[in-house]
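Student: Based on the provided sequences and hints, a complete structural model is requested.
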Amino acid sequence: MAGIEYGEVEETLKRIEAHKGVIGTIVVNAEGIPIRTTLDNSTTIQYAGLFRQLTMMARSTVREIDPQNDLIFLRLRSKKHEILVAPDNDFLLIVIQNPCE
Amino acid sequence: MEIVHVYTKLRLEFGRQCLFSDRPAELLVDLPTDQSLAPQFIQKTHQDQGLQACRDLSDHQVNTERFESDSCGLNHEEGGWPKDVNPQEMEQTIRFRKKVEKDESYINSILQLGSVMENCIRQNNAVDIYQDYLKDEEEVEGHQEPSSAKTINVFRDPNELKRTVTGLSWHPDGGRKLAAAYSCLEFQKASKDLSLDSYIWDIENPNRPEMTLKPASPLVCLEYNPKDCHMLVGGSYNGQIAYWDTRRGSQPVEVSSVEHSHRDPVYKIIWLQSKTGTDTFSASTDGQVLWWDVRKLTEPTERLVLDPSREGNLDRALGAISLDFESTMPTKFLVGTEQGVVVSCNRKAKTPAEKIVCMYDGHQGPVYALQRNPFFPKNFLTVGDWTARIWSEDIKDSSIMWTRYQTSYLTDACWSPVRPSVFFTVKTDGMLDVWDVLFKQNDPTLSLKVCDEALYSLRLQDNGRLVACGSQQGGASLLEVCPGLSSLQKNEKSLLAAMFERETKREKILEARQREIRLKERSRSEQSRDEDGGREDRDQSPHQLMARAEDDFYVVTEMKRRREKEDQTARSEDLDQDQDHGQNQDHGQNQDHGQDQDHSQNQDQGQRQDQDHGQDQDQDQGQDQD
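Residue numbers (my numbering), protein chains in the order written: chain A, 735 to 835; chain B, 130 to 755.
These aren't lab readings, by the way, just hints derived from the structure by calculation.
Every residue, glycine too, gets a C-beta built ideally from N, C-alpha and C.
Mixed in with the good hints there might be a few duds.
[Stated by the list, open to error] Here chain B is said to cover these stretches of chain A; the calculated rule only asks that three of the stretch's residues, wherever they fall, bring their Cβ under 8 Å from a Cβ of chain B: (1) 740–750; (2) 753–759; (3) 787–794; (4) 806–819.
Tutor: As structure tokens, this is what we get:
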């Protein structure tokens, strides 16, 4: 059972990585350790640490305004590309994409 | 005591409706005051007291101390790994990662997050929601907002004894830094404790200068090399030139030798356009303009003495206070002098005598600032005494446009690098004036009081929006100008060109008229003195020949005049001559500088040494009017 699902995970991640414009994907755990990444080590560590903090702060902001609310998704658009962060209780999925012109 | 009210009702009347009736008031109890109790009470004065049903609040303002902050980086190390995993070991980390991937919660969350993520990624690929649809449309010119400028920062001299900011220079690469030269220009006011340092400021940090420059003598002017943003050259109070490389520290890399430097403070130093990028030239009130190659500061590469008689005589040289050099005209440059004359020079002239091309006499005091218009190099701006004047190179007699006489002395000026018709001036009452020649000519478009003390220097950043001005107490203020004054308007260049042409033409016409009148005068007097020709032909320079000829002429005219005075007819002739004098005066207020021969005909008797000093002429005119 776990094996099949593990295959699904792989497939999902591969599909995400193969999308048009995606530059890189990182999966980070609750402690900020990158579990799976397509970028180089130093960049990954930087992203992992920084986005963990940012996501926690974003989540706490949302919940402070309305305690019933929770953060589902975080999108950061910068001059060069867009960074999408999907938070979960234990893990964080970060995707860096270059949106089409 | 008890107050009791008793009423009775028959039982059979219970439950019946009440029938009310009026009756007058009945006194039930009357308690008189008991005066014996009075001493137990304290009489209080009546007072009005307002009542309000809210909390008491208070408003208080506090001025906090200046908070100095400093930016520095943090060293970040990888962390978060559990104790048994060594982050440096690849094997352990990989093993840990694999373990996590097998975890069930991981699988579930990834599947769920993946679907959310995919949705958003696809969104990005669908439509560019940030596409600029209206980029191509032209910006609609809104109504003209009033011009404004606001102070962004003030950089104060960190030393106890404040010195004047005499020179400012922007960093050539983006203008993030400002170099300021500090010195005390007042004669003998510089005490021994006066710090010699000059500073480079980062405009974001007004608390502390970014770098200190330590010359041997205070710097009067300072310039960044426009080609190399690490090189600076500075002219100091004792006449030496020093050159710094900011990568190499605060001490100058090289200093010029004292024997070959200027003998007075170096008021202006400018970098030249050359292949090596290391040539500069400097000007000082000792009358010399020296060219230097910064790689070898032991001796200047070239020297020019600002002697108006073109003889290279240092004693008669005019002291230079400002310099201007335009890179589009690399061999010509302008020098502003203490005597109020602007000298135009050509560096590549064949003989030293021809180096000084012409002189423009316009101010009654030193020409403190001089700059060519970056868009119209034939026109330049000078500032001195209480006016600012715009000149055209072709008209040597007077400026083509000038401001009104201001209430205080103008100390510095410069053109805006983006708008050809805008220039800025600073005055000794601490005001910064922005003049827009196309908008208003009588008054400055914007007048700002920057500080209470006098402002001595001014410099605009290349983008035209930031202005730095330096004051007497060592404060350099950074101002930002509103976009209306720092962005090119439509048709500005053509309008300004038309204006300059018009003014130039006006001056030309006046000059021509002037010449006509004088010519008429001369021909009339020559006719009656033809027999006294007798000039000796000697081998003399044309200059001396002319002097001689004029001397002869005066002697003769003087004699003739005296003779004529005795006759009756003399008076009528004098009257005629006087009228012509009068006419001459009216047209010639601004233009008689330098046109010597004609003046001398009418008035000057005997003082013919220095033909080029128009000022002498004017004084004599006043005295000799009959």
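Student: The structure should be examined with respect to each hint, and the outcome stated for every one.
Tutor: Verification of the supplied hints:
Check on the segment 740–750 of chain A: 7 of its residues sit with their Cβ under 8 Å from a Cβ of chain B, so the three-residue criterion for coverage holds. Counting residues of the segment 753–759 of chain A whose CB falls under 8 Å from any CB of chain B gives 4; the rule of at least 3 is met. Counting residues of the segment 787–794 of chain A whose beta carbon lies closer than 8 Å to any beta carbon of chain B gives 0, which falls below the threshold of three, so the coverage claim is violated. Counting residues of the segment 806–819 of chain A whose CB lies closer than 8 Å to any CB of chain B gives 6, which reaches the minimum of 3, so the coverage claim holds.
In summary, the one numbered hint that this structure violates is 3.
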